[in-house]
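Here are the chains, one letter per residue:
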Amino acid sequence: MLADALLLQLGYNATLVALGAGLLGIASGVAGTFLFLRKRALVSDAISHATLPGVGLAFVVMVAMGGEGRSLFGLLLGAGVSAALGLLCVQWLSRRTRLGEDAAIGAVLSVFFGFGVVMLTVIQTMNAGRQAGLEGFLLGSTAGMLRGDAILLAVSAAAVLALVMILRRPLALAAFDPGYAEATGWSLPRIDLAMMGIVLVVTVVGLKVVGLILIVALLIIPAVTARFWTERADHVVIIAGGVGGLSGYVGAAVSATAPALPTGPIVVLVGFGIFLFSLLFSPRRGVLASVLTHLRYQRRVHVRQGLLALAQGQPIYEALTRRLLARSGLILPDGVPTSEGQAAASKALLDETRWAIVRGDQAYALAATRYDGLTPIETVLTRDQLLEVDGKITAPRGLV
Amino acid sequence: MMGAEFVALSFPPILIGVLVAVACALPGNFLLLRGQALIGDAISHVVLPGIVVAFLLTGLVATGPMLLGAAGAAVIAVVAIEAVRRLGRIESGAAMGVIFTAMFAGGVLLLEQSDTSNVHLDVEHALYGNLESLIWLDAVGWASLFDPVALAGLPVELPRMALALVVIALFLCLFWRPLALSTFDEGFARGLGIRTGALGLALVIMSAIAAVAAFDAVGSIIVIAMFICPPAAARMMTNRLGHQVAWSVLFAALAAVLGYVLAGYGPLWIGASASVSAAGMIATVSGIILALAAVAGPHRTRNG
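Chains D and W, in that order, give the protein sequences.
Just add 11 to wherever you are in the first sequence, counting from 1, and you've got the numbering used here.
Just add 19 to wherever you are in the second sequence, counting from 1, and you've got the numbering used here.
Bound-form chain D, shown alone (with noise of 0.2 Å):
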């Protein structure tokens, strides 16, 4: 059933919203990366809480009009504005009050939504009944996904897509180094407009699929996700990207195999699955990772101690201590040094003496703070240096 979704061969209506989430996780993941590099993730937050307000007063006005109130386009344009006008919000009481930047967010998403709520109340005692479907932008309501919903889906997304590949050095620079995105010339304020614009454009388009609520989640996961794979900001719009459409597509296509799987929060776990991996097992930041480079280490520094304590011919007490030389073969079970134990004892002596010489003169002071009590001398001074030192060991210590 899950390969037959997967596959798309649930049908036209499932494979339109598999497609149709996937595209929109792309355009999300893409668009929330510069909002994540810029550390303004939250502000999402805020913008798709504004949507709710500006999608109830559409309504309004279109059945005012002698509409029939629930045009696709008609809702979303609304949405769009109001978002506007919270950001607009967020950035006047950030810049032109004492609040900071998450006070600001969290009082606009909250007053924004409160307003929408009683909007949406308001709708609920006109003639009720018609109303149907505004509640399905708190949280999705991807099951009615006709041909053009789609359709606008992939505008959107390609649009959205476009704008970021034109776009994409203004946007990586105003992340990484705002000073000196200013100093050459860019206006900073006209890049986080432009970024603006395009996380507005996801969130808005994205409230049929995932619903105002959870279109955040798309925004934030897939760029923190990606940034685990990989240093390089390009490679983190491409990762991002990938783990978005991802999560839209196999949520969207999981969801379609049974009823009570509703698909925007599953495209979000889907998503957040991805982020837990990627959080434990990632190469080089993953825990996974940390915890066996602390190992390595914790290694290193035993095996190393224990045989400068050899070298100096003390008895080693300390349980690991022990187990990791006698693994290493350095000594035999009794504590002895073996041959090899002996000279590799005597190499990590001198290592010290001369380490001891270069951090006592001011001539090595650059090389000295490369000092951590494992590196081998040789990786640090030149082959001359490191004869120059052995003529300052003045008296031959312990097993030299």
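Mixed in with the good hints, there may be bad ones.
To be verified - Residues from chain D that keep clear of chain W, each with C-beta distances beyond 10 Å, as calculated:
hint: 1; residue: 21
hint: 2; residue: 26
hint: 3; residue: 68
hint: 4; residue: 78
hint: 5; residue: 92
hint: 6; residue: 96
hint: 7; residue: 163
hint: 8; residue: 178
hint: 9; residue: 184
hint: 10; residue: 257
hint: 11; residue: 325
hint: 12; residue: 354
hint: 13; residue: 375
hint: 14; residue: 397
As the list claims (entries may be wrong) - Covered stretches of chain D (chain W as the covering partner; in silico rule of three or more C-beta atoms under 8 Å from a C-beta of chain W):
hint: 15; stretch: 121–128
hint: 16; stretch: 231–242
hint: 17; stretch: 268–280
Since the hints were made in silico from the structure, they are not lab data.
From the three backbone atoms N, C-alpha and C, an ideal C-beta is built for every residue, glycine too.
The hints should help you fit chain W onto chain D, whose structure is shown.
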């Protein structure tokens, strides 16, 4: 308007609204000053899965398990946000966004999966609450306020909310000095031997108590608004912490009373027949108060 009908139908919801607003605004002052204003937003989103899980485990729509579930979810969320922030080396706003949206999505999914449609547990209820329904049928007039039999019929949300407010107010009174110190100069506070980490966690727990107690009665939207808007408006009025807290209490109470009255009676004044969402209107009024303070407050700019 101030007769027997008012006591039975409007007095309890207004009082509960005021209690909720003040209970949220009090810790909100400190959250705002510490740059943690969005904690209220995060907590109010993650309360949903907690309540659904509690319902699924016990099969009851009872207060005890729900409060426990919600509080548990809030604690899990705070821990998870901190874990993502540290383990993944991710900026706190993004970490918060990842966790609270995922938990909210989980809550909605569980809600759809389980057959909860016959109990009053649905997403809209969780968002808007239903302040208007908290009526006091035993009241026959103002005299009922002194009648123990009638008082027993008060909505249970009222004493619960009052208790939460007392707990929060006590916490702030007892820890006022250390809280203020660690809010403005964390390093100095730590130097004095104040355990700032524990204090910060206690503040978040107090906020969670306020959010959870308010959630069932009035929904989550009003909670977020009350955590931020009254303290933010108060911040524009004064430079002194004590005065700011007092202003925020005033603004919160004002928003609750005005919002409720506007929602209940406003549509009637302009000739419409039905009332609108009280929680939504209270949030809206708090926003208007904030807007006025941002435009005209004596201390509205950063150095003014």
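Going through the hints against the structure:
Non-interface status of residue 21 of chain D relative to chain W is upheld: no Cβ of that chain comes within 10 Å, the nearest being about 19 Å off. With a minimum CB-CB distance of about 23 Å to chain W, residue 26 of chain D clears the 10 Å threshold, and the non-interface call stands. In this structure residue 68 of chain D is separated from chain W by more than 10 Å, as the shortest Cβ-Cβ distance comes to about 13 Å. Annotated as non-interface, residue 78 of chain D keeps its C-beta farther than 10 Å from every C-beta of chain W; the closest such distance is 21 Å.
Once the 10 Å rule is applied to beta carbons, residue 92 of chain D is consistent with being away from chain W; the minimum gap is 18 Å. With a closest Cβ-Cβ approach of about 12 Å to chain W, residue 96 of chain D is found to remain outside the 10 Å limit, as its non-interface label requires. At the 10 Å boundary, the C-beta of residue 163 of chain D stays outside the reach of chain W, the nearest C-beta of that chain being 24 Å off. Its beta-carbon lying about 21 Å from the closest one in chain W, residue 178 of chain D satisfies the requirement of being farther than 10 Å from that chain.
Non-interface call for residue 184 of chain D relative to chain W: holds, since the shortest CB-CB distance, roughly 19 Å, exceeds 10 Å. Distance check for residue 257 of chain D against chain W: the nearest CB is about 16 Å away, which clears 10 Å, and the non-interface claim stands. With a closest Cβ-Cβ approach of about 38 Å to chain W, residue 325 of chain D is found to remain outside the 10 Å limit, as its non-interface label requires. Listed as outside the interface, residue 354 of chain D is consistent with that label: its C-beta sits roughly 40 Å from the nearest C-beta of chain W, beyond the 10 Å cut-off.
Distance check on residue 375 of chain D: its Cβ is at least 34 Å (rounded) from any Cβ of chain W, clearing the 10 Å threshold; non-interface status holds. For residue 397 of chain D, the shortest C-beta to C-beta distance to chain W comes to about 38 Å, beyond the 10 Å cut-off, and the non-interface label holds. Counting residues of the stretch 121–128 of chain D whose CB falls under 8 Å from any CB of chain W gives 8; the rule of at least 3 is met. Under a criterion of three residues with beta carbons nearer than 8 Å to beta carbons of chain W, the stated coverage of the stretch 231–242 of chain D is upheld, 6 such residues being counted.
With 8 residues having a beta carbon nearer than 8 Å to a beta carbon of chain W, the stretch 268–280 of chain D meets the requirement of three or more and the stated coverage holds.
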